[in-house]
Structure formats: C-alpha cells, structure tokens
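Could you put together the complete structure from these sequences and hints?
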Amino acid sequence: MSQRQITFEILRYDPETESEPRFQAYCVPCEEEWVVLDALNYIKDNLDGTLSYRWSCHMAVCGSCGMMINGEPMLSCKAFVRDFPNGGSIRVEPLTHFPIERDLVVVMDDFMDKLQAVKPYVIPKKKRTVEDGTYKQTPKQLHQYQQYSMCINCMLCYAACPQYALAPDFIGPAALALTHRYNLDSRDHGRPQRQEVVAAHEGVWECSFVGACSEVCPKDVDPAGAIQQMKIASTVDWYLEHLMPWRRK
Amino acid sequence: MSRNPYVREVPRTTWYMRNRRYIRYMLREVTCVFIGLYAASLTVGLVRLAQGPGEWAVYVNGISSPSGLLFSLLALGFACYHSISWFNVTPKAMRIPRGDDFVPGPAIISAHYIIWGVVSLVFLLMMGVL
Amino acid sequence: MAKSNKPIVWGLFAAGGTVAAFVIPVMILITGFLLPLGLFGSGEASYERMSEIVGNPLVKIVLFGIIVLALWHAAHRLRITAHDFGIRNDALVARGVYGFAALFSLIALMALLSI
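Protein chains in written order, with numbering that gives the first Met the number 0: chain W, 0 to 248; chain D, 0 to 129; chain R, 0 to 114.
Please note: incorrect hints may appear among the correct ones.
Stated by the list, open to error - Okay, derived cross-link-like pairs now, BS3-like style, lysine-lysine, Cα gap no bigger than 25 angstroms in a straight line:
hint, chain 1, residue 1, chain 2, residue 2
1, W, K118, R, K2
2, W, K139, D, K91
3, W, K139, W, K125
4, W, K118, W, K135
5, W, K218, D, K91
6, W, K218, W, K118
7, D, K91, W, K125
8, R, K2, D, K91
9, W, K124, W, K139
10, W, K139, W, K218
11, W, K124, R, K2
12, W, K139, W, K118
13, W, K139, W, K126
14, W, K124, W, K135
15, W, K77, W, K218
16, W, K125, W, K135
17, W, K124, W, K77
As the list claims (entries may be wrong) - Simulated DEER-style distance windows between Cβ atoms:
hint, chain 1, residue 1, chain 2, residue 2, range
18, R, G85, W, D131, 52 to 62 angstroms
19, W, L242, D, P96, 19 to 29 angstroms
20, D, N3, R, G85, 22 to 32 angstroms
No lab work stands behind these hints: they were computed from the structure.
Cβ coordinates follow ideal geometry from the N, Cα and C atoms, glycine included.
This is how it looks when you write it as structure tokens:
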C-alpha cells in the first residue's frame with residue numbers, strides 16, 4: 000500500500016477566543032484509499048484533538064460531513080484524496096453560505112426551519128387507520144417521486160446556490176426538492192398547503208436556474224429540475240386562478 | 000460555552016467570479032442582452048421597411064457596415080449559446096412519461112436539436128435561400 | 000407568505016426563451032449576414048423582396064409573435080441578471096426592462112400593420 004504525505008489547510012475558528020477564522024496546516028500520511036474524512040480523523044486522533052467537524056456514517060448516507068474541499072461543496076467521506084492533484088495541498092473549509100459555529104461545523108438552524116416550513120411528510124386526504132390496511136403504490140407511482148426522495152439533507156446544494164447566498168430568505172434547493180417529492184407522491188394531498196410556501200416569492204421564484212445544486216448533489220436528486228417543474232406548475236395554477244376565477248376554491 | 004457564529008460575507012457584485020460554474024451561468028444570462036438588442040434592431044428594420052425603399056436602403060447599409068456585421072457576429076454567437084444552454088436543460092423542466100418511467104433526458108435534448116435544425120431549414124427555404 | 004405574481008412574466012420568459020432558441024440564430028443569419036451579402040438582391044430589389052415576404056399576413060403574425068416573445072424573454076432575464084450583478088432596485092429595473100419590451104412590441108406592431 001502506497002502512502003503519500005498531503006498537507007491539509009483547514010479553516011479553524013474558535014468562537015470563544017477568536018474574532019475571525021484562520022487557516023491551519025496539517026501534514027497527514029494518507030493511504031491510497033483514504034477519503035478526506037479519514038485524514039480529518041487522523042488529525043483529530045494524532046495531531047490536534049481540538050479540531051471540530053461533523054460526521055457519522057462514513058458512507059454517504061447520513062449527510063453530516065459536507066464541507067468545502069478545494070472550494071467545492073462535497074461530502075468529505077466521498078472525496079478520495081487520490082482524486083486531488085498530486086503534490087498539491089487540500090483546502091478544507093466549512094460549507095459556505097452558512098455561519099460557522101466552530102472550525103468545520105456550521106449553524107444549520109436556517110435550513111432546519113425551511114425544511115419544516117415545506118411539510119416534508121405525507122399528508123393524506125383523510126387519516127388512515129390500521130384496519131384500512133397499507134397504502135398501495137404501483138412502480139409507476141413510485142417512479143414519479145423516487146429520485147427526489149434520495150435527499151440526505153447534507154446541504155451541499157445550499158453551499159452551491161448563489162441565490163441562497165444573495166437572498167437568505169430563499170427556501171432553497173433541498174427543501175424545494177423535498178416539497179416536490181411529497182407533491183408527486185400518490186398517497187399525498189398536501190400540495191395546496193405547500194403551495195403557500197412554494198408559490199411565494201421566497202419559494203421557487205427566487206431560483207434563477209443556475210443549476211449548481213444539481214451538479215454538486217451527491218445523491219443525484221436534481222433539485223434544479225424539481226424547482227423548474229414546480230415553476231411551470233405554479234404558473235399553470237396562476238393562470239387558472241386568474242383567468243378562470245370560477246375554478247377558484 | 001458561548002456561541003458566536005462567524006458569518007462569511009458574499010461579495011454582492013462579484014460573487015460569480017468565485018467559481019467557473021457561476022461564470023458559465025452569467026455568460027448564459029447575458030445572452031439576453033443580444034437577443035433583446037437583436038429583436039429591437041429587427042423592429043427598426045421593419046419600421047424602415049414600412050417607410051419605403053430609401054429608408055430601407057439606409058437600414059441595409061447600417062447592418063452591412065463593419066460595426067453592424069460585428070454586432071451580428073456577436074449576436075449570432077450569443078444566440079447559439081442561448082439555444083444550446085436552453086436545450087441542454089430541457090429534460091430537467093419536462094418529464095415525459097413512458098411506461099412506468101420517463102423518456103430519457105438525452106432523447107429529449109436530441110429532439111430539440113432536430114427541431115432546431117428543421118425550423119432553421121424551413122426559415123431558409125421560406126426566404127428562398129435554399 | 001403571499002403567492003407571487005411572478006408567473007405572469009415568467010410564463011412569457013419561458014415561452015420566449017424556447018421560441019428564441021429555435022428561431023433567433025437562423026434569423027440573425029438571414030438578416031445579419033445573408034441580407035448584407037446581397038442574397039436578396041441589392042437596394043431596390045431587396046426592398047421589393049422583403050416587402051413581399053413580410054406582406055404575407057401569416058408571416059406578419061409569426062414575426063410579431065417572435066419579436067414580442069424574444070423581447071419579453073430578454074427583458075425578464077435582464078431583470079434577474081441586474082439583480083445578479085448587485086443592482087438591488089428591482090422595481091426600477093423591472094419598469095425599465097419591461098417598458099423597453101412593451102415600447103418595441105408596440106413599434107413592431109405599428110410597423111407590421113403599415114407594411
């Protein structure tokens with residue numbers, strides 16, 4: 000097994016003693032098959048126990064370890080060190096567009112609020128009892144929303160979205176993709192409720208289809224596509240409501 | 000432990016310089032300047048055509064001048080970039096059901112390019128060029 | 000949160016973007032290059048030729064549709080782009096760009112009606 004020395008420049012910030020972040024360099028002997036998260040764990044275990052970062056599953060499922068790696072939002076558990084230019088250092092920063100809590104840990108409150116605002120759960124037409132039995136869904140009905148259900152809430156798309164940075168009220172890619180996911184679910188009847196958020200200015204209309212969210216998504220969710228589809232649906236709604244007022248409920 | 004989150008400001012007027020992806024996006028957005036200017040110049044052409052042969056000749060001289068041709072060249076470049084960037088993202092906005100699944104993206108994109116070619120041919124045929 | 004009225008302008012933007020993508024390049028080729036090159040005859044001849052083509056009522060309607068949609072597409076995208084460049088007076092920008100589109104749409108209509 001071949002080892003190589005890689006310098007990691009890591010953005011550090013201690014909210015108790017520092018007024019702004021600074022880069023700190025660590026030289027790490029990396030194994031061929033290591034990902035950036037392995038290097039961070041090596042630093043934490045052997046070089047500097049004060050380094051703070053979030054991680055859990057180490058296999059791109061939990062969505063905790065999103066970071067800026069050489070300026071690109073990535074899951075550090077999916078970023079293999081061998082894929083970075085040989086001899087160069089690797090720069091690791093907390094996800095952009097979020098406040099830094101400490102070191103590589105960001106404040107997620109804003110994202111959590113937005114996620115709740117879109118009611119990302121099945122809202123049935125009427126409550127089902129156990130006696131009613133299970134929901135049945137055909138493969139076709141499943142395919143309608145399956146892609147958008149792969150989201151792991153890693154927030155890479157928010158770090159990639161310039162409109163979220165410029166207009167922090169924007170509901171943002173992941174929350175809107177999940178809105179679409181539930182709207183498309185045959186068991187769900189919550190679309191009218193979610194439209195209150197989706198059709199607002201802070202909803203889909205803050206998006207200018209940069210497409211960066213879909214490019215960085217580690218699960219191929221394609222939030223940009225979901226948002227454009229909801230723009231079209233919201234536009235159809237608007238014309239139906241205004242040109243055919245008798246259809247208004 | 001006291002909290003004191005650090006907010007990194009995003010530069011309001013130069014944010015798109017941070018990333019190649021953003022530069023590509025801005026390039027796509029500024030295509031609208033050329034599409035708008037071309038539509039306006041075409042309108043001027045129609046006004047000149049309505050005014051008579053003399054005025055029409057002035058318009059044709061204008062667009063035949065080096066600066067007129069330079070504008071047309073730039074406008075053609077940006078208009079093609081608009082077309083390509085528009086067609087390439089069409090599968091995201093439109094999902095066409097087929098069986099239990101959807102028509103694959105590349106098929107939708109190809110269909111747009113084919114229609115683009117056919118429409119262009121029809122325009123040239125109508126103008127008697129081909 | 001109140002529902003946005005963006006759909007009015009966005010609908011035109013999306014329709015205009017699609018139409019523009021299909022027809023604007025070939026139209027620039029025709030009016031920006033083939034016309035100056037004299038493919039439709041020079042001077043008097045190209046006037047006769049163009050008047051004849053544009054004189055067709057169907058061509059007038061199609062041409063008007065293309066111009067209006069292309070103008071509104073460009074206007075709306077420019078409004079968003081102004082925001083992207085850091086110009087925050089959206090109300091003023093919107094009035095400016097949509098006003099420009101409306102003015103030229105009107106001019107195009109008048110010109111087409113008098114050809």
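K218/W and K118/W were given as a pair; does the straight-line alpha-carbon distance stay at or below 25 angstroms? 21 angstroms, holds
Check the hint pairing K2/R with K91/D against an upper bound of 25 angstroms on the C-alpha distance. It holds: about 24 angstroms lies between the C-alpha atoms, which stays within 25 angstroms.
Take the C-alpha atoms of K124/W and K2/R, compute the straight-line distance between them, and say whether it is at most 25 angstroms. Holds - the C-alpha atoms of K2/R and K124/W are around 23 angstroms apart, at most 25 angstroms.
Whether the CB-CB distance between L242/W and P96/D falls inside 19 to 29 angstroms: Taking Cβ atoms as reference, L242/W and P96/D lie about 27 angstroms apart, which means the hint holds.
Would you check the hint for K124/W and K77/W, treating anything up to 25 angstroms between C-alpha atoms as holding? 40 angstroms, violated
Given the hinted pair K124/W and K135/W, is their alpha-carbon gap at most 25 angstroms? 15 angstroms, holds
State, for the Cβ atoms of G85/R and D131/W, whether the hinted interval 52 to 62 angstroms holds or is violated. At 55 angstroms between Cβs, range holds.
Given hint K135/W paired with K125/W - CA-CA distance at most 25 angstroms: Roughly 15 angstroms between the alpha carbons, so the hint for K125/W and K135/W holds.
Can the restraint linking K139/W and K218/W be considered satisfied, given a maximum Cα separation of 25 angstroms? Distance of about 21 angstroms is within 25 angstroms: holds.
Pair hint K118/W and K2/R, alpha-carbon separation not exceeding 25 angstroms: With Cα atoms ~17 angstroms apart, K118/W and K2/R stay inside 25 angstroms; holds.
Holds or violated: are the alpha carbons of K91/D and K125/W at most 25 angstroms from each other? 32 angstroms, violated
Given the hint that K139/W pairs with K118/W, test it: the Cα-Cα distance must not exceed 25 angstroms. Status holds; Cα separation ~24 angstroms.
The earlier numbered hints that this structure contradicts are 7 and 17.
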